[in-house]
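Peer 1: Chain by chain, the residues:
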Amino acid sequence: MAADNLPSEFDVVILGTGLTESVIAAACSRVGQRTLHLDRRNYYAGNWASFTFNGLLSWIEEYKQEAPETAGEEGWKDKLEEGEEALPLSSVDSSISNLEVFSYASEEAEEEEERKAPLTTKAETEDTTDGPAEEPNVVTPDAETPTEERGQDSESPQPNEGGTSEPGQSEEEEKQQQPMSCLPEPPVEVKKKITYAKLLKDGRRFNIDLVSKLMYSRGSLVDLLIKSNVSRYAEFKNITRILTYRDGKVEQVPCSRADVFGSKQLTVVEKRMLMKFLTFCLDYKQHPEEFQDFTQKPFWEFLQTKKLTESLQHFVLHSIAMVSLDTPTEEGLRATQHFLRCLGRYGNTPFLFPLYGLGEIPQCFCRMCAVFGGIYCLRHSVQCLVLDKESGKCKAVIDTHGQRISCSHFVVEDGYIRDEQRKSTDYRQISRAVLITDKSVLQSDSDQQISLVTVPPLDSSAPAVRMVELCSSSMTCMPGTYLVHLTCSSSGSARHDLAPVVSRMFHVPASPGEEPTEGEDRPTLLWAMYFNMRDTSGLDSSSYHLPSNVHVCTGPDSSLGNDYSIKLAEAVFCKLLPDEEFCPPAPNPEDIIYDGEAPQGEGAGFEENSSPEGATEGSETHQAPEEAGEKTDSVPQENEAQNGEDGQTTTPEE
Amino acid sequence: MHGRVKVKSTAQQEEEKRKEREKKLKVYISLRDACFNKRKDGVFDEEALQLTQQLLSSNPDFATLWNYRREILLHLEKEREKEEVQKVYEAELAFLESCLKVNPKSYGSWHHRGWVSSRLPQPDWNRELGLCDRCLSLDDRNFHCWDYRRMVVKASGVSVDQELQFTDRLIGSNFSNYSSWHYRSTLLPLLHPSQPPSPCHQPPVASPTNSPQTHSHRVCEEQLLKEYELVQNAFFTDPNDQSAWFYYRWLLGRAEREEMISCVYVSREGERVAVAFSRPVHAPSVGLILVLDGQPQQVEWKSSHPRLRHSPVWICELPPGSVSDINNEHNLTVHWSEKHTHRDCALYTGRTESWCRDSATDQELFRSELSVEKTSVLQSELQSCTQLLELEPQNKWCLLTIILLMRALDPLGYERETLAHFNTLKEVDSMRSSYYNDLCSKFMIENTILKMEYAEVRVFSLSDKNLTSLCHLDQLLLVTHINLSSNRLLRLPPQFAMLQCVEVLEAEDNTIESLEGLYHLPSLQEVSLRNNQITKLADLEPLASCPKLTRLDLRGNPITETENVEAEIVKLLPSVTDLLL
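Residue numbers (our numbering), protein chains in the order written: chain A, 1 to 654; chain B, 1001 to 1581.
Hints were generated in silico from the structure; no laboratory data involved. Warning: the hint list may mix true and false statements.
In silico DSS-like cross-links for lysine-lysine, where the CA-CA straight-line distance does not exceed 30 angstroms [to be verified]: (1) A/Lys285 <-> B/Lys1226; (2) A/Lys307 <-> B/Lys1008; (3) B/Lys1226 <-> A/Lys249; (4) A/Lys227 <-> B/Lys1008; (5) B/Lys1019 <-> A/Lys575.
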């Protein structure tokens, strides 16, 4: 077996490739730590992953078949030495629950696609599930690898690299794909009914996120992407509009100056009052007299004193501050200020969305880690930790191939922790729904809108729901469809929480393929999925019985931004390497000194590091920095200046 | 620490950069010299094109090289086939695009692009418009690009309608942009011209050529209402953005005054004629003809004050004895031949003077400065602005606009409110308080003129009103008594000499230092300047030209401290019999 493929000593072993773990991996690798990054799944990003439609169906299958935890076979016994004990990890992921899938698309076969479609699905399913088991998958990715890997699960971010994707796809399909993904579908085609077969056939066009988040343009994730130069590995689009659901109608929220100016629904006085309030929020700390009487009271009450009409109060509370009725005033003001500060950096809304889905972001950090010598293995996990009885610290891990790998730090995603190590198993949950629909919730001149829709609680016991509607130019769904993500903090099962909102805002066909009645202008559902995801974000190191050099990364939280995960990554990194800078900018390729060039050759260059203990097949030496340089060129950063047809693509660089 | 990527130190980088720069400079200089030599030798070949391209791509502001390049291109144009020329110029455009990417505000590049576009056998204007749009989306205030775009629009015949939509788009994305608003103001009158004004509104003497010229900047009512709405959206959204306010002011004030002779005055005793025009003119060069009893007269037109080359008031002496007999009736006509307009004036038997004029009230003079819009429209605009002021009591733009609207509606009726708003303005915008003082003075003078006209008197009295400056003095041509006491005037400006009929001037309790305007005032008899800042004898010199001056009150002026002052004044002003010091 491939067990001996891996070096047996690392500085840091990281298990799980979610956002937090990937950022930590990149940060460690960047400052020269020997980093091993593992994930038991066959895809990157864990619960942060994005899937093609077919990939998602496979993921659903896996969830259904997930075997219960097997009583740990004691295969590692002989690897332990005197004075050591083992701490087993979980081999099952129980973070997803209450998964339900509904298909509303017509099941009739699409002409001439009849045979082809199921074939493709089968090939894909095999590819993603059966394939890996036969081949030990020890990968040290060069910069290419995340892309290659992604070939199975999601679309390649550089369409011109499409050649590297898996062989199952015919060239013809490849060609079709190009123009269609950039051109809006001609209107005739949009009207054409989208069948389930069509969804399967065009399944590769989807990149469906398990976690639905946006990036605040002045949030910590964007700052980190810029600071670390990781932004060069991805492309972004601005969210084009903020919508809200009020009195049974979807309305656009005017939030920027241009929006307010252009809004047809507000009177001039409302415009003034809104602008006045928002201007105050931008530097509310300079005017404490305005709100000091309300510090103990809810933001909502404060708003009511501000001469804002009811619709303006709604906009500010639900769509700008995005807080609830009982949120205290200062917190509401802070949220409003954050929103406003993010406006205008990249466009008219405060948010960015990564093309090809949020799952891209963890992969970008993995790529950064790999560029600086980190070693990657998917479908490769850790069975147990080896603890030194005396110090109680983790000395090594034993991987799923039985190899003992020593390390000084071990970082692990919460999902790998067994309940025995937890002080409490009482979790919060996130309710999620993923919908594929046939049109936008608010149709406008352009059918290529990316919208954030805030849905206030439908009744007092219901949660506030956050909805993100993605169009095909975000590279997350096929032309003619919209991908809709709903998220809220759970009070019951995902379906219980979210189905009322779905049935209000969308037409839910009674039977697959049923035509909506005349005059129905809501979007029709084609497909829907509900699930709950465990929200471990409230936990910290005191919630686990674990050695001090084992660091747990909690999963995605329920908020809209990514600040929680990035701050956590930075905090863990600081514990690991208190004296090191967190993700300093990657150097320019021309500033890197290679062997022979350096006049004051003090010690090892880059190469020595990346081939520890004799390079194995999987971990061959890479001229990583050069690689980085090359990538810089291939990423279309000049887009903004040159590319007239798609000026909206954004690369967050200052 | 092991395994770290080694990066060059800053000093190392600096050194390398320095060397790099040196190398670049050497190349640059040798290229430049090569270019100059070639030009000297009259070489216009491909190689020269190459060399200038290299240089210009690193420094697009090298105008000489662009000139040389044009010479080369013109030369090639003669030598080559038409298709080849097209190719050469297209390559030039591609090169220019790369230059603009590096420096989007280079005069040389934009100018050259304009030149190339005009030489191109088959220009692709759509591409050029696209380029402009891209440039403006990166910087919507790039005036080079605006200029170039205007040229492209003109050459390609883009419809005005499309251009208006273009400004809609730009204003929609950012309304803090003078360029877009201004462009709009040039398009609207073309697209929505106003109907010609109703004939009854035309002043009787207006000649037909005046109408289109006078109203060329007006926009039809319906479109105006839409524009008011648009611009209100802008200033309600951001009341501190001045671009919208300026556009608003343009919308409100489109009327231009009729060009005409507003007054002809004749004095039998003085054998003088004074003519007032609706705007300052240089009378000797506008074809002014004076006809007395059917006989054209050879007269010399004099400006009211030699310092005013262009003046609204001009004076001429009539031939001696021509009107002096009080038993004769005379008919005078002044022709302004350049404007095809004229004014008659009859001097009847037994009268010592006579005049013919349109008064300020007849002309709605002070209203038309802002607008000739319907009262109802202005009233509703005033309401919107008042609404905004309630929300933004400190907003200077709003205050100022309200003042202007009030003046357009009813200057006398709103006098009290106007003054209150001026006080607020001076508080909230103290940096410009002098401007507001002057403006307020202007309005006070206008109001006083109106009151005087309604009362049909020749007395102008405006004391204790904080006046800081004098204006509209041409409207005071017929005034005999003027009282400016207890104000904050610093001087009596040259324009004061337009008060051709003034007999008594009271200007006590000001801070007047200069009497420049008390010049050749034929009727001036009494001047009271108590408590002012007259310090030198020389300050009194203009008075020597006023033949009838008999009483002069200089009490409370620094000049009274001067030794021997009385004798000096008597010497300077022999006509003064009543001198108070």
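Peer 1: Now tell me, hint by hint, if it's right for this structure.
Peer 2: Here is what the structure says about each hint:
{"no.": "1", "hint": "A/Lys285 <-> B/Lys1226", "in the structure": "violated, 39 angstroms"}
{"no.": "2", "hint": "A/Lys307 <-> B/Lys1008", "in the structure": "violated, 59 angstroms"}
{"no.": "3", "hint": "B/Lys1226 <-> A/Lys249", "in the structure": "holds, 28 angstroms"}
{"no.": "4", "hint": "A/Lys227 <-> B/Lys1008", "in the structure": "holds, 19 angstroms"}
{"no.": "5", "hint": "B/Lys1019 <-> A/Lys575", "in the structure": "violated, 43 angstroms"}
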